[in-house]
Amino acid sequence: MDRRGFVKSALLGGAGLVLAGHALEVQGDSGAPPLPPIETHGLQQKTSPLGMPGLFPGRVVEVSSKDAIVRNRVSQPLVREMLRRGMQELTGESSSEAAWSKFITPGDVVGLKINPSGAPACCTSPEIVREIVDALQSVGVPSRNIVVYDRYAYEIDIGSYQALVPPEIQVLGIQEAYGGVSGYDTTIYCQASFFGEWETRSYMASVVARHVTKIINLPTMKDHSASGVTGCLKNLGYGSFNNVARSHRAPYSFTDPLIGVMCSVEPLRSKAVLHIMDGMRQVWHGGPLTQNQDFIYPAGILLIGTDPVAMDTVELSTIEAKRRSEGVPSLWEHDPASITSDSMQFYRDPKKNLFYRRPGHIASAGKLGLGVSDPNRIDHHRIT
Amino acid sequence: MTDTKAEATSANSGDWPTLLKDNLRSGGHAKSSPGRPSHVRWQSRMGSSVRSAPLLHERLLYVATTRGTVVALDIETGRPRWKFTLQDQIHSTPSLYAGKLFFGTDGGKIHAVNSETGHSVWEAGVSGEVWTSPVCSGGLLFAGTSSAQLHAVDAGTGRERWSKKLGGRIYSTPFVSGDELLVGCGDGFVYSLTASSGKVLWQTATGNGIDSSPAVTSDAVLIGSEDFFFYCLDRQTGKVRWKYETGLGIASSPAVQGEIVVFGSKDGYLYALDVATGSLRWKAPAGEVVTAPPVIAGDLVCIQAAGTLAFEIQSGKLAWRAGLGGAVQAAPVISGETTYIASLDGEIYALE
Chain S
1 MDRRGFVKSA LLGGAGLVLA GHALEVQGDS GAPPLPPIET HGLQQKTSPL
51 GMPGLFPGRV VEVSSKDAIV RNRVSQPLVR EMLRRGMQEL TGESSSEAAW
101 SKFITPGDVV GLKINPSGAP ACCTSPEIVR EIVDALQSVG VPSRNIVVYD
151 RYAYEIDIGS YQALVPPEIQ VLGIQEAYGG VSGYDTTIYC QASFFGEWET
201 RSYMASVVAR HVTKIINLPT MKDHSASGVT GCLKNLGYGS FNNVARSHRA
251 PYSFTDPLIG VMCSVEPLRS KAVLHIMDGM RQVWHGGPLT QNQDFIYPAG
301 ILLIGTDPVA MDTVELSTIE AKRRSEGVPS LWEHDPASIT SDSMQFYRDP
351 KKNLFYRRPG HIASAGKLGL GVSDPNRIDH HRIT
Chain E
385 MTDTKAEATS ANSGDWPTLL KDNLRSGGHA KSSPGRPSHV RWQSRMGSSV
435 RSAPLLHERL LYVATTRGTV VALDIETGRP RWKFTLQDQI HSTPSLYAGK
485 LFFGTDGGKI HAVNSETGHS VWEAGVSGEV WTSPVCSGGL LFAGTSSAQL
535 HAVDAGTGRE RWSKKLGGRI YSTPFVSGDE LLVGCGDGFV YSLTASSGKV
585 LWQTATGNGI DSSPAVTSDA VLIGSEDFFF YCLDRQTGKV RWKYETGLGI
635 ASSPAVQGEI VVFGSKDGYL YALDVATGSL RWKAPAGEVV TAPPVIAGDL
685 VCIQAAGTLA FEIQSGKLAW RAGLGGAVQA APVISGETTY IASLDGEIYA
735 LE
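So the protein lines, in turn, are chains S and E. Position 114 of the first sequence, counting from 1, maps to 114 under this note's numbering, and the rest follow consecutively. Position 181 of the second sequence, counting from 1, maps to 565 under this note's numbering, and the rest follow consecutively.
Worth double-checking, as some hints may not be accurate.
Claimed, not checked - Derived list of chain S stretches under chain E, where covered just means 3 residues or more per stretch with a C-beta under 8 Å from a C-beta of chain E: (1) 57-67; (2) 120-127.
Said to hold, decoys possible - Here are a few chain E residues that sit away from chain S, every Cβ distance over 12 Å (derived from the structure): (3) S417; (4) H441; (5) R465; (6) K493; (7) W506; (8) S511; (9) G528; (10) L550; (11) W586; (12) T588; (13) G591; (14) S602; (15) K627; (16) E696; (17) A703; (18) T722.
These aren't lab readings, by the way, just hints derived from the structure by calculation. Using N, Cα and C, we set each Cβ at its ideal position, and we do this for glycine too.
Could you put the whole structure together from the sequences, leaning on the hints where they help?
So this is what it looks like as C-alpha cells:
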C-alpha cells in the first residue's frame, strides 16, 4: 500500500442515510436492510481540476434538434452540428478545436465510456461516438490512443460498435459475459456487504485505472428500475467497477449511495473530464434494458457538461416530466402496490417497477463533491 | 462465376469446414431437418467465452475461445484431442483448408495451425484486429481488419499477396468466388473487388455501417446494413435492385434457399423475402435481438436468439424451440441429427 491510501469511509457507512438525503424508512421500504459501511480503496492523489465536477460546475448545455432523430435514425450531420454548438456554448470558445482543447491534449489516451446496455433499442449512438472521435483527432489525439469501452463485450457486440466506429481506434469489452476479475485492478475497489453476498468487493477496470488518461462519459438518457435514472453517474460508476448488480436485490436498492461513492474513487474522479449525454432516444420506462419502443421517445437532444450531478439532475427532471405526461408514477414512487416481481409485467406496464427506486444517488453524489444537485443552482442553457 | 464450394468442403458432406459450412456463405444447408433436440449427448466447458462459430471436419469439432485457445474436440465424446493456446483473443471463426486451420486474432495476426496435430504452421501480422473468418480460395486467405484493410495472404506460407485500404472497419466476412470478392464495410459500402489484386470493381453505399456478411445468388448480392435495410444488389454492377426496411439494424448474415432469403434483424424478427422482388414472404418473432446468421437444415431454418429456434422455411411457422445454447451470435453446426452449439459462456453442446 505504498502508492495508495486506504480510505475507510466511516462517513459513508454510519452516515450513509443522511448522506443519501432520503430516509430508507419510507412507505413500503421498511423491510430494506440497513445501509452497510462502504470502504473505498483508491489511488491517493489530489483531484485534478479537470476531474468531476470539472471546469464548469453546475453548467448544463442542452442542444436539441427535432430532426436529429427521424424514423429512429440519428442524423450524423446534425449530431456534428449539435456537438459543435454545445461544446462552444459550454466553454465559451469560438471554435470547436479550442473547446475540445480545454479538456484534451494530443498526448492523452482517451477513453470513451459508452452505454451499450439496452442495445440495440437504446444505447450510445455510434453517430455521436464517430463525431467525438473526429473531434479528438482534430486536436491531435491519434486513433491508436482512443479507446471505446464498456464492461460487457457482448453488449458492445449487439450494438455493432466494432464495425461502426472509425478505423484503428480500440473497442474494448472489459469482461466477458459472466464474472471474473480479469480486466480489473484488484488494488482499487469498493467494499460493502449489502445483502450478505459472497463477493463483497467491486474492482475498478484496469483500462480506467491504468490505461486511459482522460475519460469522456457518453451515457444515454433513460430511467433505471433500481436507481431511478441511468445517466452520467451510473454509466461511469457502475461501468467502471465490476460486481455492481449486487447493490440491488429486488425490491431493495443501495444504488444510493454506491453510485456516487464509486465515482468519487480516484483515479476515476480525476479522469472523467467531460460528459455528453445521448438523449437522441429517451427511455421513460423499462430501463436500462428495455427493447419496448412504446417507452422510447425520440427526444433528439444532447446534454453536455463537466458536472455529472447537474446533468443527471436535469435528466431526472426531464424523465419525470415525460412520465407525468404519460400518466405513470414518479420515479420516487414507493407505494408497495407499484412493485412487481414479474419482470414481464414490468416490461409491459409502466405503472409497475421491480425495485423501490433510489434517485437520491444524484444528491448523494453532490454531497460527495461531485457536482451541483440543487436545481436552483444549475445553469441550464437550452439551444435549439 | 465459379462455385468454390468444393474448396471448403471435404468428402464428408456432414462437415462444416468454415463459417456457415462452405464458401457459398448461404446458410449452411444441412441436408436433413433436425428434430427438436431431446437430450445433450455431451457438453464440454471451454473455460472462457466463445464468440465464434465451431467447425466440424472428419469427426473433430474445432472451437476458438476469446482467451486465445483453439480446441479440437472428438465429436463422439466431447473430449479435447488437442489444444493450441495464444496470449491473444480470438473472435474470428476459423476456416479449414488443405489440412490447416486458419483464424485471426485481436492482436492483429492470422495463424495457420495443423488441423491434425494443433501445431503452429505459420503466423502472419496484419494491420489490425481480425474478427472476420478467413476465407480460403485459390490458395489465398482473405480477411478484413479493424484498420480498414483487406488482406490477401498466401495460405501456404502466410506471405501477403496484397492489401487494400477501404473506408471503414471490416467485420463482414468476405464472399470469394474465382476472381470476385464481395464484402461489406463499416463505412456503409458494399465492395466488389478482384480477388487476385484487390482492385475495386464497384462500390455501393448503404445508409450506415455494415456488420453483416454477404450471400450471393447467380446474379445478386444480398446483405444487411445498420441502416435497418436489407439490400439486394446486382452482382455485376452493384446497382440496388431492391431494399427492404426492418425495425432496427441488421448484423445477421443472410441464408438463401432457392427464391427465399432469410435473415434476422435487431428488431427481434426473422424475415424471409423473395429474392427476385424483395417482397415479404413471412416474418417471425425470435423473442430476442437477432444478430446470429440463420442456418438452413432441410425444410427448416434455425436461428440462435432466445434459445435455438427452428422455423419452416416456406411458411415461417415455428417448428420447435430448444432452451439450450445461450449464444447470441454463434451459428450452430448441424450434422445429421446432431446440432453443435457454442454458447456465450463457453459451453459447447452436442444436442440430439
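* To do: Taking the numbered hints from earlier one at a time, note which ones the structure violates and give those numbers from smallest to largest.
  => Numbers 1, 8, 9, 10, 13, in rising order.
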